[in-house]
Amino acid sequence: MLQTELSLEKLLFNLNTLAELGEEITSPKDFTRVVKSSLYMVMGSFSATKGVIFQFDQDRGVFAPIASKGLGDVGGAFIRLGKEAVAALTKHNKPIDLKKGDHPSEVLGQAAELLEKLDSRMLACLVVKDELLGFIAINGKFSGEDYSVYDCQLLSVMAQHISFSLHSHMLLMKLMHKYNENKGLYENLRRIYYDTIHAFAASIDAKDSYTRGHSHRVSAYSAVLAREMGWPNEDVEGIRIAGLLHDIGKIAVDKTIINKASPLTSYECRELNSHPVVGYEILSKIKFPWKGIPMMTRNHHEKVDGSGYPDRLKKSDIPLGARIMALVDAFDAMTTDRPYRPRLSFGEAMDEVKANFNKQFDPDVVQPFITVIRKEVRREVDNPTIVPLLQEQLDSVSLNRMLEGFPVA
Amino acid sequence: MVKKYRNFKEVGDAVVIYSDNYINDIEGEKLEDLCASYMERGFTSIVIDFSETDLVNSIGVSILIGIIEKVRDCKARIAFSGLKRVNYDIFSIVGLTKHIEIFDTEEDAVNGRVPQEMVTS
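From first to last, the protein sequence lines are chains A and B.
Counting in numbering that gives the first Met the number 0, the first sequence runs from 0 upward without gaps.
Counting in numbering that gives the first Met the number 0, the second sequence runs from 0 upward without gaps.
There could be a bad hint or two in this list.
Stated by the list, open to error - The calculated DSS-like cross-link candidates involving lysine-lysine, where the alpha carbons are at most 25 Å apart (straight line), are:
#1 A:K140 - B:K83
#2 A:K313 - A:K374
#3 A:K35 - B:K29
#4 A:K140 - B:K8
#5 B:K8 - A:K35
#6 A:K284 - A:K206
#7 A:K116 - B:K29
#8 A:K206 - A:K35
#9 A:K93 - A:K128
#10 A:K90 - A:K128
#11 B:K83 - B:K97
#12 B:K74 - A:K116
#13 A:K98 - A:K116
#14 A:K140 - B:K74
#15 B:K29 - A:K28
#16 A:K353 - A:K314
#17 B:K74 - B:K97
#18 A:K128 - A:K177
#19 B:K8 - A:K98
#20 B:K74 - A:K9
#21 B:K83 - A:K9
#22 A:K140 - B:K97
#23 A:K93 - A:K116
#24 A:K314 - A:K290
Quick caveat, the hints were computed from the structure, so don't treat them as lab data.
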């Protein structure tokens, strides 16, 4: 080949390599693969047999190898550079011939020894916006030829391409780091939030030794029933929280009234019955991420026939969540011991539900409640919620008998 | 004895490896793995035939140089054959043609004698 033809061919080959390098660094491939391919392109362009790309590891304050070829294992080849060396290398935008001792190779110090061990001949710094991100080191050419001025210019352009890739990747990593950090903070906040709500629920239940765990059961029962009724996850979570807090107004009620075994006086009754409104007033001041919690709390003692309290609302005026809670709240109250009476059996409790069907309890809620119980007794669900908390064994035959004659909605 | 497979042919202690249409990183690595496995099996002569190869890019060049180095480290012989003009030019640009035996056909490459300076280099 004539010298002019060779130069033209070389120019075309190098232009093609630069185009491929541009394509490579903007490809959606795995970063490790991109860096490896980029190094191979540099080495192929200069027929180098050994090469390595170092990246500045901000956490460890060292330059660590991220891709290499022809050098075996270079995993432990870290380079430490002082501030002055970093500043000198950052300013220098041309490849450095280490063999010729080009300026500023004198600032490399101990790093020069390591690069010599790696048989490095040319060093090209990877700099973006006055920040030294790393460098490429390659050895002498396989052909034995020296690096020309043209080679240095090409290496410089290739290093700039790789710098941008490295810079984008580092920005992405920083972003990911921040994202993970924020995600962690959010998770912590969420945990604290839930812990606080659970602590509130526990403090409510602690006022009455008989109602220990009541808020947790109302919460769990409400959630499973809402899910059965096809509520979206976000709303199920909302009613779960409302269940935990529905009796928060009892904090303002005298403990002796709550625990009184004998019939309540009219004053005591008014005091006790004030808890939904007090709860509403407490909770309406809190900005919950779920909708309807204060109203569910306020209306969980309403009855569909309009004889409940505090607002004497009728069926469609009562929020659906409050109708769900009205049923599971009463059901749990009936199936657990109280100061004034022992617990009812499941059958007795369901008789009460039947007797108050479409009076106290909403048929649209009772029917799915029965469906949940049936599914749990038949073991059609992975994690039964209500049946395991009842203090009796239920089977399909006895359940059918207990639910016989239940009005159809 | 000659054993011919789709991508390679074994001729005594020599093997002819047929490279694919385009030698980029993936194809290059396949070639590298194949050469390494033949050297492990004791083959002393590796011939890479480029008859079907339209283009070798810079990654391919880098991998081929790596293969040449490894073959020589094992004191084995490596030769190229069937190079198209464009690929010969690329090998010339990066200086490979001065350091590797290049033959027109795979038969010549398998039967070609290794120059003394190649063995000792």
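Hints, verified against the model:
1. A:K140 - B:K83: holds (24 Å)
2. A:K313 - A:K374: Between K313 of chain A and K374 of chain A the Cα gap is close to 30 Å, so the pair fails against 25 Å, i.e. violated.
3. A:K35 - B:K29: Measuring from Cα to Cα gives roughly 16 Å; hence the hint holds.
4. A:K140 - B:K8: Given that 25 Å is the threshold and the Cα spacing comes to 32 Å, the pair is violated.
5. B:K8 - A:K35: violated (31 Å)
6. A:K284 - A:K206: Answer holds: K284 of chain A to K206 of chain A is near 23 Å, not above 25 Å.
7. A:K116 - B:K29: violated (29 Å)
8. A:K206 - A:K35: violated (67 Å)
9. A:K93 - A:K128: holds (15 Å)
10. A:K90 - A:K128: holds (11 Å)
11. B:K83 - B:K97: holds (17 Å)
12. B:K74 - A:K116: Since the Cα atoms of K74 of chain B and K116 of chain A sit roughly 24 Å apart, the hinted pair holds (cutoff 25 Å).
13. A:K98 - A:K116: holds (13 Å)
14. A:K140 - B:K74: holds (21 Å)
15. B:K29 - A:K28: holds (19 Å)
16. A:K353 - A:K314: holds (17 Å)
17. B:K74 - B:K97: The given pair, whose Cα atoms are some 19 Å apart, holds under the 25 Å limit.
18. A:K128 - A:K177: holds (22 Å)
19. B:K8 - A:K98: Not OK: K8 of chain B and K98 of chain A at ~43 Å, beyond 25 Å, violated.
20. B:K74 - A:K9: violated (31 Å)
21. B:K83 - A:K9: holds (16 Å)
22. A:K140 - B:K97: holds (13 Å)
23. A:K93 - A:K116: holds (22 Å)
24. A:K314 - A:K290: Roughly 20 Å between the alpha carbons, so the hint for K314 of chain A and K290 of chain A holds.
Violated hints for the displayed structure, listed by number in ascending order: 2, 4, 5, 7, 8, 19 and 20.
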